[in-house]
Amino acid sequence: MSETAVSTAEAPQPGRYTVPGLPPRPRSQLVGTGFAIAAGSMAVAGALGHYMARRHLLDDPGHDWLAGQSVPNPQLVYALITLLVSVVTAHWAHWASRRGERGHTWVGMAITLVMGFAFFNMVMHSLNRMEIELGAGEWENLAFAVTGLSLAILIVGMFYLGLMTLRSLGGSVGRDRSTLLGSAVFFWDFAVLAWAATWYVVYVVK
Amino acid sequence: MTDATTEAAHSTGSAVAPQAEDPTAFGLLNTADHKRIGRLFIGFSLLFALAGAITDALVRFDLASDSGHAVLNLETFTQVFMFTRDALVFGMLIPFFLGVAIYIVPLQVGAPNIAFARAAALSFWGWLVSFGVLVGAYIGNGGPAGGWDEGVRLHMLALAGLVMSLIVGAICVAVTTLTMRAPGMYMDRTPPFAWSALVTASMLVVSLGVVLGQLVLLYIDHGYGRHFLDGNYGVWPRIDWMYRTPQLFIYVVPVLGVAAEIMLAAARRWVFEPLALYFTMGLVGLFGFGAWANFGIAGEGADVVDGLEGIVLVGLYAGALAGVGGLLALLGFTVWQSRTWPRPTTAVLAAFGAGKLIAVVALVGLIGAGVDWLNIAGRGVDGNAPLRFTTWVTGQQSLLIYGAGLLGVLAALHWWAPKIWGRRLSELAGWASFAAIGGGAFLAWLGPTLSGAFTEQPQFVYNDPLLTTDYGSLIDSSAAEGLSVVGGIGVVIVLAGLGLVVLNLLVSVGMGKGAEADADPWGGLTPEWLLDSPPALGQSDSLPQLNSGTPLLDAELNGSVASAERTASEVPA
Numbered sequence: 001m002s003e004t005a006v007s008t009a010e011a012p013q014p015g016r017y018t019v020p021g022l023p024p025r026p027r028s029q030l031v032g033t034g035f036a037i038a039a040g041s042m043a044v045a046g047a048l049g050h051y052m053a054r055r056h057l058l059d060d061p062g063h064d065w066l067a068g069q070s071v072p073n074p075q076l077v078y079a080l081i082t083l084l085v086s087v088v089t090a091h092w093a094h095w096a097s098r099r100g101e102r103g104h105t106w107v108g109m110a111i112t113l114v115m116g117f118a119f120f121n122m123v124m125h126s127l128n129r130m131e132i133e134l135g136a137g138e139w140e141n142l143a144f145a146v147t148g149l150s151l152a153i154l155i156v157g158m159f160y161l162g163l164m165t166l167r168s169l170g171g172s173v174g175r176d177r178s179t180l181l182g183s184a185v186f187f188w189d190f191a192v193l194a195w196a197a198t199w200y201v202v203y204v205v206k
Numbered sequence: 207m208t209d210a211t212t213e214a215a216h217s218t219g220s221a222v223a224p225q226a227e228d229p230t231a232f233g234l235l236n237t238a239d240h241k242r243i244g245r246l247f248i249g250f251s252l253l254f255a256l257a258g259a260i261t262d263a264l265v266r267f268d269l270a271s272d273s274g275h276a277v278l279n280l281e282t283f284t285q286v287f288m289f290t291r292d293a294l295v296f297g298m299l300i301p302f303f304l305g306v307a308i309y310i311v312p313l314q315v316g317a318p319n320i321a322f323a324r325a326a327a328l329s330f331w332g333w334l335v336s337f338g339v340l341v342g343a344y345i346g347n348g349g350p351a352g353g354w355d356e357g358v359r360l361h362m363l364a365l366a367g368l369v370m371s372l373i374v375g376a377i378c379v380a381v382t383t384l385t386m387r388a389p390g391m392y393m394d395r396t397p398p399f400a401w402s403a404l405v406t407a408s409m410l411v412v413s414l415g416v417v418l419g420q421l422v423l424l425y426i427d428h429g430y431g432r433h434f435l436d437g438n439y440g441v442w443p444r445i446d447w448m449y450r451t452p453q454l455f456i457y458v459v460p461v462l463g464v465a466a467e468i469m470l471a472a473a474r475r476w477v478f479e480p481l482a483l484y485f486t487m488g489l490v491g492l493f494g495f496g497a498w499a500n501f502g503i504a505g506e507g508a509d510v511v512d513g514l515e516g517i518v519l520v521g522l523y524a525g526a527l528a529g530v531g532g533l534l535a536l537l538g539f540t541v542w543q544s545r546t547w548p549r550p551t552t553a554v555l556a557a558f559g560a561g562k563l564i565a566v567v568a569l570v571g572l573i574g575a576g577v578d579w580l581n582i583a584g585r586g587v588d589g590n591a592p593l594r595f596t597t598w599v600t601g602q603q604s605l606l607i608y609g610a611g612l613l614g615v616l617a618a619l620h621w622w623a624p625k626i627w628g629r630r631l632s633e634l635a636g637w638a639s640f641a642a643i644g645g646g647a648f649l650a651w652l653g654p655t656l657s658g659a660f661t662e663q664p665q666f667v668y669n670d671p672l673l674t675t676d677y678g679s680l681i682d683s684s685a686a687e688g689l690s691v692v693g694g695i696g697v698v699i700v701l702a703g704l705g706l707v708v709l710n711l712l713v714s715v716g717m718g719k720g721a722e723a724d725a726d727p728w729g730g731l732t733p734e735w736l737l738d739s740p741p742a743l744g745q746s747d748s749l750p751q752l753n754s755g756t757p758l759l760d761a762e763l764n765g766s767v768a769s770a771e772r773t774a775s776e777v778p779a
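As given, the protein sequences belong to chains A and B, one line each in that order. Under this note's numbering, the first residue of the first sequence carries the number 1, and numbering increases by one thereafter. Under this note's numbering, the first residue of the second sequence carries the number 207, and numbering increases by one thereafter.
Excised from the complex, chain B in its bound form (with noise of 0.2 Å):
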């Protein structure tokens, strides 16, 4: 079927000659080619992640000792900190997507090249330019909680540089879904990543421009007197929520794509009610809107609502909870329609435990915020702290960063990369990877959940730097350290994982030792899938009118790509 429809796509094909890539260095630093973008966003984003990842140990066992930090200082352990969330959220879980999405979306939608692509190259050097920046602040104790006052502005250029650069890309991956599908793709007809990534990159643009225009009054203020940031600290707790969730829902909705992409290949049908898929993948995003719930937890404005805040968590968590298990029930049953056991291929078994990763997390911060709105167990009350303000927050970052985020990473990777570097990965290590991300991440989880719930541990500097230096007389020390040391193993578990992925990738694409892929080695339904692997430049122009976005499922189901085809005549005006 594969070889026949690809062949009836190129035969029915017009238009523009594919390009080569400019092999030089000037080629790349000069590229306008979404595919070569997208490379280099996934392959820095990895090395991020890698970084992230180190410091995250280092943090959690610097928590592991009662006599104040084992590892850090209490300096160096706040900047360390803040680096682990600025590397995973911006360094790697935002760009890494984002890359996929400048490299697949034009793809699946038929479309020649990502929109404003000089942009989406401006939008990968800015990125990394920034991300250089930030990284150089950070070692230069300039960090929000630094010593070094031009630091932490320069810490505040840098992060509004990584905002900006991202919000970039997010409007040119939007652009290319609304205005770039083939003619005859309607958005009810679009891939489900597609959509997904459509979704993120919206509420990517809405939920961090509102980062930009904080970080134009903190900059100011802290320039010029610090008359509402008390110190360089204040900084932090008004950025905070960037890294937390209901926000942290809005990052992994393109694991929900990657997630539906490959579950409906596995099961080899089209959802009964594609409304409903793309529906609840817009509500996972939506109720991840998290910026206006600031309120809740910094101060400013906070008793313009008070006692609402509860309920508002609560619904946030609630909606995207019904969102994820709307659409988990939707795959779900779309397998059980299709009477196969999918092959447990790793991007299968990532694609299902990322999604439901995802789930326990809402279902988790939903309890979490049920607990904090009704007092229970006098949360909230008589000097005892809010799940919100405890390690508990800790616990479903990493659960969302490196359970959910990182395995819809190895998902998308081992699905894609014969799409993105004509190799397919090796199944033996992509295993071993699953298996290391999936057990240290519920590792990494547990031990800040435990710790939260039970020691009233704080959420490292939330609230206070100084709540650092002496946990013994403010926690049960001896409980709390040894979660943290549950978590450090859990976040070196993770480690191992990754690295075994950044392993895979260097042996099976950049070695070479991986086995070439043909254009459709997967089975998979949507339009990239007829095209070669990798596609040169502008290929996608040669595809056969597509009025889907799962060709391939059609061609199976009517014969061709060409019974497929919608002509002039049927469309409506």
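Excised from the complex, chain A in its bound form (with noise of 0.2 Å):
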């Protein structure tokens, strides 16, 4: 009973959704990722617009925010521009799963997470050089949990490639079966914005 349940959600049935001449559905997966995109978007934006609330609140931000503490801005730079670089890698796997190209799909899914992978390396490398104690301020606390948020999403989002990579591995691919992977890059694509937000505000602005 259960496993039929599941499967009508996305496969379109039988009879009604297979009458010759009427529109396609639109994809449900693409629609509720665009949800969750919007909810992560508020979430980021919520918690970025608290942390510039207080940081407003000070008088002299530039002096009393971070207190001596310094940004190692090239490594963050080069992190940012792995992401960017994954955003198009990830972009041409999904073209190439369109085409019902598994081999470029396949090499593209496999540089982006690599890229991925590179990216938290590179960011956790940064911030272990910065010595962030949490706990010791302000600025550390909320550096921390805006940080922590956009780096969980970017976690959710590998996630989500990973698992519809292994989709088009078992044969997702081609015009029709490719909306789940460009699903998931639509999700990666938010997910790196978010980062790129929490970047500039962060450790740009400061």
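I should point out that these hints are in silico values taken from the structure, not numbers from a laboratory. By construction, the Cβ of each residue, glycine as well, lies at the ideal position given by its N, Cα and C atoms. Just so you know, not all the hints are guaranteed correct.
[What the hints assert, rightly or not] From the derived model, a few chain A residues whose C-beta atoms are all more than 10 Å from chain B:
#: 1; residue: Ser70
#: 2; residue: Thr89
#: 3; residue: Ile111
#: 4; residue: Leu142
#: 5; residue: Arg167
#: 6; residue: Gly174
#: 7; residue: Arg177
[What the hints assert, rightly or not] Part of the chain A face toward chain B, derived, beta carbon under 7 Å:
#: 8; residue: Gly32
#: 9; residue: Phe35
#: 10; residue: Met42
#: 11; residue: Ala47
#: 12; residue: Val71
#: 13; residue: Pro72
#: 14; residue: Phe144
Join these two chains into a complex; the hints should help.
Have a look at this one:
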């Protein structure tokens, strides 16, 4: 009973859903991902808004806020560039998937995931160099929380990409069967954008 | 008409055979059937509503003493006060209508199941477990103002769990409405309740997302030094907006959908301008988006837009009032056009009352925001508290949650009980519930509203918990205490009405005393009334091809369901 119940949400049913001439139904997973992105966007916006509001309350944010912390800008910029390149490779993989080119799809996704891991490596190295001590001050707490939220979204994005890559390996490629991968790529775009906003607010504007 | 159309509907069907429910406990835990998930949400949310109303009565009577606390003490008062809000909003108001939407929306749009059925089940179990943890945190003295530090963070975790679960459920409902409508049922022909569920689900996703971001920050700061939180109490003012108007309007948009369904069925007509129906409901949801108006209430960022918070709140209430007023005018005009007086069933009375009360809340909110903005009667200047910091807010909460919300619950239960459980609820008990909930909500609103307007009674624990300890030195205590008693009596009457609703369900449905319902006992217009009561999983797939959200009305006007069908060649490319 349950198995059929689950599958009906995604797979077109025989009968009414395959009437010739009727417009194709929109993709449930893509739309669902869009809603998840909306929720995630508001979460990041809420956190960043709170961060900026607290910063605004200080008389001299540039001096009082960071309290001597130095931000390793080059590493964080390289990390962001890595992420931006991963967006290109993710879209390459999706494009290839829609054309049914499995080899390109898998190579594109593999490069995307490797770049994701490389990004985490660079960011964790940078944060370790900064030696942010949780609880030492307001900036430390807020920066840790906002950065953590964005990194968590990126982790979810990588997991989603990995899962949909496995679906592609299982044969879910082609023009009509690439929506699943497309949804994951869509979420990855959002995750990268969320990190870019966090990076700009917390580590550039500070 | 009903039997003929149902028969026609079934005879033209195809595809998936209806499936039986697994009656075992494992089947319940493992279910991916939208009907069972919906029923679970509805049942538990009613239980949590009872818990919330009981604790609210304790809070109201606790304020009826000039010596401080009559029933509770300072610590338990703040905990019980905050639990009441959690229980009524996250335990009852949102999940009840989410449950109804999970049950009804797939049937209304002709989908065989809810989108992401497993996720919908996860939404329910996540919500239930999170609410259990939330109660545990409060019991352990760990609410937002509690004395148990880990418990305060446990409360935040539980709240995050509740929010995420409800967001997941909302996404399932929204995706079902957007992507699983029967071919030919375009968005401008969606049944009113399905549309209202889409509006609420969309607004829940974007507004509750903000809470998640805030909770992450609050959790970290609370656990590590509390640099911007002023002790445990600092949590509450930053999340309080979720329990206030205008955000509360988002939670009651489904009530407008229920009201529209019932009033249009009573009129046996469709509105003369369908887009206005959808637009007005959307307007209420849009202007209910109060998350970003938080700056006008909390401290951070308030000076960035200093002076603007007043006009922002006025604008939000005015927009919501325009939406509700427009919708009620549209429905009223349609009923008037029909030249028939609706039969006063519980569903009709409750739907009518709930819709009206939302308009009243928007109007009262607009007046209050206007008074604050223009400093009328010295409000907000010379040390006088703005209305939004007084129990004026509690009055609005009472009218919206108890009045509009619970009357909407009553209307939805009586209207869809045949479709959900296969039995009708007792009309006599329904009328008594309507009278008790309506009357009680009025008193629960009147007491704190008058107290906030004339005695400046603080909104309980908004700014400082110490305000609750010495009311005598802050307010005209005798008047405030008397009005607190009025509000308390109102809550007790609401509680009695709610208890009657639950009893009615137990007797009519649980014990099987209610009359068995056929497919369309009310003469409904929307597709779910073409199905059995209750329908088997996947039975929607046996419906004929639909080309509107009101196939039964189309059939009545055109002669049969089949004539209302749209053939493939008629569908635009």
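Verification of the supplied hints:
| no. | hint | verdict |
| --- | --- | --- |
| 1 | Ser70 | holds, 21 Å |
| 2 | Thr89 | holds, 28 Å |
| 3 | Ile111 | holds, 30 Å |
| 4 | Leu142 | violated, 6 Å |
| 5 | Arg167 | holds, 16 Å |
| 6 | Gly174 | holds, 20 Å |
| 7 | Arg177 | holds, 17 Å |
| 8 | Gly32 | holds, 5 Å |
| 9 | Phe35 | holds, 4 Å |
| 10 | Met42 | holds, 3 Å |
| 11 | Ala47 | holds, 4 Å |
| 12 | Val71 | violated, 19 Å |
| 13 | Pro72 | violated, 22 Å |
| 14 | Phe144 | holds, 6 Å |
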